[in-house]
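A.B. asks: Chains as they are written, first to last, in my numbering: chain A, 1 to 131; chain B, 132 to 262; chain C, 263 to 358; chain D, 359 to 454; chain E, 455 to 584; chain F, 585 to 714.
Be careful, since some hints might not be right.
Unchecked claim - Some residues of chain B that are not near chain F, with every Cβ distance over 10 Å (derived):
#	residue
1	E145
2	S160
3	A174
4	F175
5	D193
6	G198
7	A199
8	L200
9	K203
10	V208
11	Y215
12	D236
13	P250
14	L253
15	R257
Unchecked claim - Here are the computed lysine-lysine pairs in the BS3-like style, where the Cα-Cα straight-line distance is at most 25 Å:
#	chain 1	residue 1	chain 2	residue 2
16	F	K682	E	K552
17	D	K449	A	K120
18	B	K251	C	K353
I should point out that these hints are in silico values taken from the structure, not numbers from a laboratory.
The C-beta atom is built at its ideal place from N, Cα and C for all residues, glycine as well.
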Amino acid sequence: MNETEIATGERVTEGDLLVILRHSPHGSSWLREGLDTALVAAAFGQRVSLLFSGDGVLALLDGQQAGALGQKGTHGVIDMLAMYDIETLLVDAHALISRGLSTEDLLLPVSVVEGAALPKLLDQHRLVLNF
Amino acid sequence: MNETEIATGERVTEGDLLVILRHSPHGSSWLREGLDTALVAAAFGQRVSLLFSGDGVLALLDGQQAGALGQKGTHGVIDMLAMYDIETLLVDAHALISRGLSTEDLLLPVSVVEGAALPKLLDQHRLVLNF
Amino acid sequence: MILHLLNRSPATAGTVDDALAAMGPDDRLLLIEDGVLGALPAQASLFTGLAGRLFALREDLAARGLLERCAEQANIVDVEGFVTLTEEADKTVSWF
Amino acid sequence: MILHLLNRSPATAGTVDDALAAMGPDDRLLLIEDGVLGALPAQASLFTGLAGRLFALREDLAARGLLERCAEQANIVDVEGFVTLTEEADKTVSWF
Amino acid sequence: MRYALLVQGGPYSSQASHSALRFARAVVERGHRLDTVFFYHDGVYNAARLAAPPQDEPHLGDAWRMLHDEHGTELLVCIAAGLRRGLLDEREAARHGKAGHSLEPPFELTGLGQLVEAGLSHDRLITFSP
Amino acid sequence: MRYALLVQGGPYSSQASHSALRFARAVVERGHRLDTVFFYHDGVYNAARLAAPPQDEPHLGDAWRMLHDEHGTELLVCIAAGLRRGLLDEREAARHGKAGHSLEPPFELTGLGQLVEAGLSHDRLITFSP
Chain A
1 MNETEIATGE RVTEGDLLVI LRHSPHGSSW LREGLDTALV AAAFGQRVSL LFSGDGVLAL
61 LDGQQAGALG QKGTHGVIDM LAMYDIETLL VDAHALISRG LSTEDLLLPV SVVEGAALPK
121 LLDQHRLVLN F
Chain B
132 MNETEIATGE RVTEGDLLVI LRHSPHGSSW LREGLDTALV AAAFGQRVSL LFSGDGVLAL
192 LDGQQAGALG QKGTHGVIDM LAMYDIETLL VDAHALISRG LSTEDLLLPV SVVEGAALPK
252 LLDQHRLVLN F
Chain C
263 MILHLLNRSP ATAGTVDDAL AAMGPDDRLL LIEDGVLGAL PAQASLFTGL AGRLFALRED
323 LAARGLLERC AEQANIVDVE GFVTLTEEAD KTVSWF
Chain D
359 MILHLLNRSP ATAGTVDDAL AAMGPDDRLL LIEDGVLGAL PAQASLFTGL AGRLFALRED
419 LAARGLLERC AEQANIVDVE GFVTLTEEAD KTVSWF
Chain E
455 MRYALLVQGG PYSSQASHSA LRFARAVVER GHRLDTVFFY HDGVYNAARL AAPPQDEPHL
515 GDAWRMLHDE HGTELLVCIA AGLRRGLLDE REAARHGKAG HSLEPPFELT GLGQLVEAGL
575 SHDRLITFSP
Chain F
585 MRYALLVQGG PYSSQASHSA LRFARAVVER GHRLDTVFFY HDGVYNAARL AAPPQDEPHL
645 GDAWRMLHDE HGTELLVCIA AGLRRGLLDE REAARHGKAG HSLEPPFELT GLGQLVEAGL
705 SHDRLITFSP
């Protein structure tokens, strides 16, 4: 992770690529495709940050399983993030709170982002892709 | 149109097929595909009602045009409804009001539906398809 | 009685609102796919008034890790229960 | 400065909220496709605080009959203006 | 009872096809008849004959074909929705002067009237959309 | 400037492809270089070679090919997203034991790395999604 202290004392994450994940597991392929993009970028040596926002916070929930037809879901990919050196895992505070979830419900330790830190996050990455 | 007076004095539309149109013109193919379904059902002699709801009320707005690449849009189909004897055109009141629109903004005369009349409408049709 | 199917999360507010507005007093609502995100206790207030008429599909809750996190007001049914709900309803209307 | 593109109508509230929450004080928002439904005066309150930074694509307004119904706060640009906005921004982020 | 399904979601892009297939199996296991699955909107992509999903994921096209083989369920693809999305059987390919085809039996191209017919002539029509 | 586009919407199902194409033309008219269009998610369906839309509607596949012919824009289709949706070129069809193909040049199957590369090596990447 690459962090810099900024004037207000907030820590801002810098990087090449910020992937914002806004979709739930299983319901569509968006989350899977976003994670794949992050993995590929990391494999190419880029500094990748993930922001789980909206229904995307569900991607981190513990206790996920395969779907009824054996669809794999994405929790297996979440487990691989560290292996690809993707260590900047950020979660939108509002997305968690409004769903009644807390960081204790999640598979991995994450940093919580809120308020003005959100636009700064986008600003500090060369490329931002929404999924 | 097939209408019956019910106990409360509200008029309820009956029919074989209720097509609910919830999507805007041009943004997706949903509206076009819903209208096509209605036209085909009417051509087969079924009694068809259309309910414009949500962003679907935009389908009735006057002043629509082709898209920038020459995409036809759906306003031409709206003009054909009468030819197919689809005369039951219903608009959800909330959808209109929340968009700041009134029936005077619309291409055709319509009946406005609100409150408890909405569930009754679904109840009075053998088949209900959402688009 | 109509069975309404809802496959969108409460984040797609327009769909949830439209489905609820179309429901009669005896109609039932089954949450499937991303619709089961509505079964979280934090979303329970959306579905007040549906006591005994709110259902959520077990397989879709389980896949998302929501089976143990589900609000009490939602009756959990498996796919066989889904079939039963369609048998018992006069018709089924899907909202998406 | 980031140019944000929004192609969803306000009926898809989650997308609009997420886009607005991610915008910095100098960022711009361009409404395209069904996003231009947000340019109706009835929706203007969603975008307060974006004075001078809210844009809507002329072609998409026109196709939907909204060109003459657009709120004053939205600056109308054609596709050439869209290109200019992407030139002037450091990067572009799409919300859908 | 006699059931029909309407599938409007593309395979993989949304869960709609998975949900429909799972429901289809439960319907026939319960002893109902599943006469028809109608594919419309992006659901028509379920019929793409060249689909090659990863080995460890369900092959939706094969699963629909199996449903047809075991239970006689007809797999109807809206021709208007299919043609513009590149799903042509041999006959339509010839008619449009294209070499090759992208859809083959048991999937059948058919008119939208068959959806209305399926909806009104069956006891139940269940829609699965993206 | 050098532009790249990411297209994630299916043709006809959503306006994304139309918007992208319109923007693409405006970009090159302005004198910029449009090196790459990358198709991902349902955007890969833009490459379906058998698409037969009605005569009075824009043919998106042809319009992309024209962009390639006139401006040298490469038309890259994510191979993982394409294979599961039935978009195979001759080589992939052979590799998967399928007769026929559904994608052909100037569309090219390529890895997702090309999207990252396009995004980071161009001055601008603009995304059009459904």
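A.B. asks: So, against the hints stated earlier in the document, which numbers end up violated here?
C.D. replies: Failing hints, ascending: 2, 6, 7, 8, 9.
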